[in-house]
Amino acid sequence: MIDVQHITKRYGDRTAIERVTFSVNKGEVLAFLGPNGAGKTTTMRILTCFMPATEGTATVDGFDCSEQPQEVKARIGYLPETPPVYQELTVSEYLTFVGRLKGMKSAALRERMPLVIEQVSLGDVRHRLIANLSRGYRQRVGLAQALLHDPPVLILDEPTVGLDPKQIIEILELIKSLAGSHTVILSTHILPEATAVCQRVVIINEGRIVAVDTPEHLSARLRRSEKISLTVKTPPHNFADRLRGIPGIVSVFAPADGGVYLVECALGRDLRDELARFIVTNGWGLLELKTISMTLEDVFLRLTQHEDGMGERSGGETPQEARA
Amino acid sequence: MTPAQAIVAKELRSAYFSPIIYVVCAVFLVIFGVLSYIAVVNAGTQAIRLMQIQGLAAKINLNDLVFRPTFYSTAIILLLVLPILTMRSFAEEHKLKTFELLMTSPIGINHIVAGKFVAVFVIYLGMLALTGVVPVVLAMFNSFDWAPVFTGYLGLLLMGALFLAVGLLASAVTENQIIAAFLSFGILLSVWLMGALGSILGDTPVGNTIAYLSFIEHYDRLVRGLVDTKDLVYYASGILFMLFLTHRVVESDR
Ligand SMILES: Nc1ncnc2c1ncn2[C@@H]1O[C@H](COP(=O)(O)OP(=O)(O)OP(=O)(O)O)[C@@H](O)[C@H]1O
Ligand SMILES: [Mg+2]
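Protein chains in written order, with this note's numbering: chain A, 1 to 324; chain B, 325 to 578.
The set of hints was computed from the structure by calculation and includes no laboratory data. Do not take every clue at face value.
Calculated lysine to aspartate or glutamate pairs in the EDC-like style (CA-CA distance at most 16 Å, straight line) [claimed, not checked]:
1. A/Lys26 with A/Asp61
2. A/Lys227 with A/Asp213
3. B/Lys554 with B/Asp544
4. B/Lys419 with A/Glu81
5. B/Lys419 with A/Glu264
6. B/Lys421 with A/Asp213
7. A/Lys227 with A/Glu274
8. B/Lys421 with A/Glu264
9. A/Lys105 with A/Glu88
10. B/Lys421 with B/Asp577
11. A/Lys227 with A/Asp150
12. A/Lys26 with A/Glu206
Some but not every residue of chain A turned toward chain B, in silico, with C-beta under 8 Å [unchecked claim]:
13. Pro35
14. Thr48
15. Cys49
16. Phe50
17. Gln70
18. Ala74
19. Tyr86
20. Glu88
21. Leu89
22. Thr90
23. Arg100
24. Leu101
25. Lys102
26. Leu174
Glycine is no exception: its CB is placed at the ideal position from the N, C-alpha and C atoms.
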């Protein structure tokens, strides 16, 4: 549905994004993650035909952003970084204006408007001036504006900024419900959001894509070493030492009160099977055994703080400082 | 309602709630009223003087003594007032980031520019219509030739539209409304003075060209009751050229 090939954007001699390539399938929800100034907004502005790329091509539904911008624009609902609202209009006047701008017929507008107002919970304020609304409500008006003409593609730049926790959940639910029938790209700094609604995550840093994958794969791929947490019913007093005796185990963290043991294995070795057998044959009572993968938070920080992160998408581990 | 009509409607609605527009209209109308009052009083004293010299009741020519000076001074008020009317058009869209909404909507930039222009022009039409009170009231007390009054209004309409187009251009190049207002004021004043320069140079090819480029010479003819296609073409092409430049600026300004 969306295909971005090697786009580069330069402001003067400052490169905002460089050779960004990714694609989004129909009905997919894709999250753009990256620190401030990474180039998320820039990429979205190019996709929405707000500004042209310096190099490269972007297509939406087969239409080229620079050659057939009107076709592309008609298919996109866009929530910019700052909600594009007019202070002196009321919410319903504003939405009527946006509907007309998008070329909606009066009948369609009458049908869609209450629906969208309902979706983003704007019912109470529909006749109030936007100037008098709080930040979160303006954000919702911005969202309503993007959803209004029911476009097949939604591009949402930080959709949940300024919303209260309840609203965040509602909006994320809304985005989830749009998946399948709509193609969505959203940007965020908040990782649980990305994991909650997205099929795939694009991590971008300093204008370059550092990783594209599902949230699960990303954290799995970045596990530096295999870590296993163990809960054992009746461990012997020298349990930790006996574990260290198993070849391939690097370190064992033993809790003072005999709770959860953390076992770190050598890279690329899956010792779950051996560990389980070892404990069971000794009759210590294996209660729980599971691998620990990094949270997306860890992945994000690691990828964006180290230039040599995963530029080549090697699928392997990140070279990092050695750990004892 | 087409997208362009929606823009016009939205602009007018915003203007209706904007204190600036009321201030602009009020200032314009008050100054216009004062200027025409002064012109009428002047005409009165001249008539009395003529009567004393010649000893007979002179017929006052309202066209020469009242309307012409009023039309000339109105041009100066427009120079000051119309940049205020246009300064927010694009500058504010940039400032509030609503520009991003306009530019990512499936409508052509020409519709956006046309919508903005029509909106300010409608407001200007309203202002001019209110000044129509003056000739109507004067017509009740004295007779005069309506033809030069109509052509004078035609001149005001065309020259005002040109000012508005220049103002839109200035508003498109900056997101600061004050700068936009000053910029259009500066451009208009320079072009005006260019006309004066042209008349100093006299009837030479250079002088004539410079005078032709300024809007004031064309306005002058209309105020004197002369309707020449050359002048109409000047205004029409000037307005279109300014709107074209605005289009280009808006297009590249992202
Ligand atoms: N109009 C501009 N002129 C010059 N540089 C710009 C302009 N807009 C953005 N940049 C630069 O481009 C880079 C990417 O900016 P962008 O707004 O895309 O980041 P972002 O990922 O959206 O950040 P944030 O999370 O803060 O919203 C930044 O280094 C920024 O300084
Ligand atoms: Mg951004």
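Here is how each hint holds up against the structure:
| no. | hint | verdict |
| --- | --- | --- |
| 1 | A/Lys26 with A/Asp61 | holds (9 Å) |
| 2 | A/Lys227 with A/Asp213 | violated (22 Å) |
| 3 | B/Lys554 with B/Asp544 | holds (13 Å) |
| 4 | B/Lys419 with A/Glu81 | holds (13 Å) |
| 5 | B/Lys419 with A/Glu264 | violated (55 Å) |
| 6 | B/Lys421 with A/Asp213 | violated (33 Å) |
| 7 | A/Lys227 with A/Glu274 | holds (14 Å) |
| 8 | B/Lys421 with A/Glu264 | violated (51 Å) |
| 9 | A/Lys105 with A/Glu88 | violated (24 Å) |
| 10 | B/Lys421 with B/Asp577 | holds (13 Å) |
| 11 | A/Lys227 with A/Asp150 | violated (46 Å) |
| 12 | A/Lys26 with A/Glu206 | violated (28 Å) |
| 13 | Pro35 | violated (22 Å) |
| 14 | Thr48 | holds (5 Å) |
| 15 | Cys49 | holds (6 Å) |
| 16 | Phe50 | holds (5 Å) |
| 17 | Gln70 | holds (5 Å) |
| 18 | Ala74 | holds (4 Å) |
| 19 | Tyr86 | holds (6 Å) |
| 20 | Glu88 | holds (5 Å) |
| 21 | Leu89 | holds (7 Å) |
| 22 | Thr90 | violated (10 Å) |
| 23 | Arg100 | holds (3 Å) |
| 24 | Leu101 | holds (4 Å) |
| 25 | Lys102 | holds (6 Å) |
| 26 | Leu174 | violated (20 Å) |
In summary, the numbered hints that this structure violates are 2, 5, 6, 8, 9, 11, 12, 13, 22 and 26.
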